[in-house]
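Asker: Listed here are the chains, written in short residue letters.
Protein chains: 2
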Amino acid sequence: MSILAVGSVAFDSIATPSGKADSVLGGSATYFALAASYFTEVRVVAVVGEDFAPSDETIFRKRGIDTRGIERAPGKTFRWGGTYVDNLNEAKTDFTDLNVFENFQPVIPQEYQDTDFLFLGNIQPVLQTHVRQTMAKVRLTGCDTMNYWIQRTPQELAQTLKLVDVLLINDTETKMLARESNLPRAAHKVLSMGPRALVVKHGEYGATIFFREAAFGIGRHPFRAPALPIQEVKDPTGAGDSFAGGFMGYIASQAELNREVLKRALFYGGVMGSFAVEEFGTGRLQNLKRDDIEARFQVFRELTHLQ
Amino acid sequence: MSILAVGSVAFDSIATPSGKADSVLGGSATYFALAASYFTEVRVVAVVGEDFAPSDETIFRKRGIDTRGIERAPGKTFRWGGTYVDNLNEAKTDFTDLNVFENFQPVIPQEYQDTDFLFLGNIQPVLQTHVRQTMAKVRLTGCDTMNYWIQRTPQELAQTLKLVDVLLINDTETKMLARESNLPRAAHKVLSMGPRALVVKHGEYGATIFFREAAFGIGRHPFRAPALPIQEVKDPTGAGDSFAGGFMGYIASQAELNREVLKRALFYGGVMGSFAVEEFGTGRLQNLKRDDIEARFQVFRELTHLQ
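From first to last, the protein sequence lines stand for chains A and B. Start counting the first sequence at 125; every next residue gets the next number (my numbering). Start counting the second sequence at 125; every next residue gets the next number (my numbering).
Chain A extracted, bound-state conformation (with noise of 0.2 Å):
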């Protein structure tokens, strides 16, 4: 079934202790969609400049997402310079320049309406309602977040976890969100908020999603599924949203919406988001193969497994 991603496309201009790249392609929908591609139909909603290139455009296409969603405006693309140093969880922010990003009013074509999963990027808790407000016939909407917006627009964003299914955060921003040091009583005071699930990254320790009460019909023991150790991280640009894209890809490729999926797609999301970092910006979502993608769910298996 399809899948829509409203988010962000930006370039960005990296630097790690691996190398440096200047001006790829990256941004929260461009690496949710490459991901999702890989199990299902995509299509993007969001906004770039003139400097958009054919080139850029054809990063997409190549991988068959719909990019009719992608609004052309006057001026410059989103840009984003950051370095990472030791610790390869956090980026120092070089630079940010909205450019047309700044006032990105997503709108929705005629032809998404019929769409079946929505994935709100890392936007305006605003706009992330309006978007799930357009999107009628929508059967389960992912959202991510960001202390920003926690700190800031927390009445917005409570507006906005009303109306998601599932919230796909890291462990420092739901405790923050919970106002709550204990990452599970954390998990089930973003539950009481809102979502019907919770999906909490952990960075190289992997992620646990956490139910509420009945959700799903499943019950609400949380799973948890690793994250592949590796030895070199090139570029942890993108991880979350390519993590974000293999869940929500998967879920959205499967005809049923039951605990097996749900565990599946975690494991997923897991191999997406170890992929994401093997290369600088989407080099290496661009060209995987879906037996790539298997052979590193069984690797995540064989990690966690007992026989």
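Simulated from the structure, these hints should not be mistaken for laboratory data. For clarity, every value in this text was computed on a predicted model and none was experimentally measured. It is possible that part of the hints are untrue.
A pair counts as met if it fits within one copy or between any two copies, since identical chains are not told apart.
Here are the simulated SDA-like pairs of lysine to any residue, each with C-alpha atoms no more than 25 Å apart in a straight line [claimed, not checked]: (1) 313 to 355; (2) 387 to 430; (3) 387 to 317; (4) 216 to 308.
We have chain A already, so just place chain B on it with the hints.
Answerer: Then chain B, alone, in the frame of chain A:
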């Protein structure tokens, strides 16, 4: 098969967000021995003072632990006071009174010479080396250490590491020992120092076992076991030693040592650690039933396993 724990027996005074406990039985050898006692025959070498009461010894005896190696010295038992604030992974030390532990010279009773498995708790590396060299018939040696020895006695620790089979330490200690910030790379560096396997404890995220190439004839793929998402950690003291007790106790209970046994051992380590933190001191570890342990093992399995 039998297992010998060499380490500290102490009286701990602990404060956590859940409450406090005064002068309760603790120490690395105590937590280890109690956790391991559910799996196999356990012996202890440690030193205590005149304040070590018959009721303290009863705690060991009730679990069938052989206490003939606990030496009584003139003076007071090792006493430690610590406070856990928000971050339950790290205690602020309020006081450390080494007392009789200051001059601890472990003496292995003749009756212990046939011991099959050895656990060297977190004591001076020179003493760990001495004990290991004394125990000629040991089949497998597990070892703990800490920042203090890594920084203060690196030469002595290097000697110890050449004599141990499995080192059990946390992420920070692994990176410090290897002088390397990437965990998998750090793990392989540590393995090149001697141990055939390295168990890295990730606190609330579980643990990973890394293997030296062809160690135990099982290949070098790592394996990861979870920790339980716990809503109330009453007292984290001793969780690491309880983990080691479950890990090594399970290994000692098995006829063969193969990859599957080591994987399950990692799960049992997490299981025993999860019990240890449910009550202050060794409270929970004194009164478990084997059924409780198996039920918790199943919870760990369901937390991580796909169908």
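Asker: Next step is simple, just say for each hint if it's right about the structure.
Answerer: Hints, one by one, checked against the model:
1. 313 to 355: The answer is between: 12 Å across copies meets 25 Å, while 35 Å in one copy does not.
2. 387 to 430: both (16 Å within a copy, 7 Å between copies)
3. 387 to 317: Classified as within; 22 Å inside a copy, 38 Å across copies.
4. 216 to 308: Between copies only: 24 Å across chains, 29 Å inside a chain, cut-off 25 Å.
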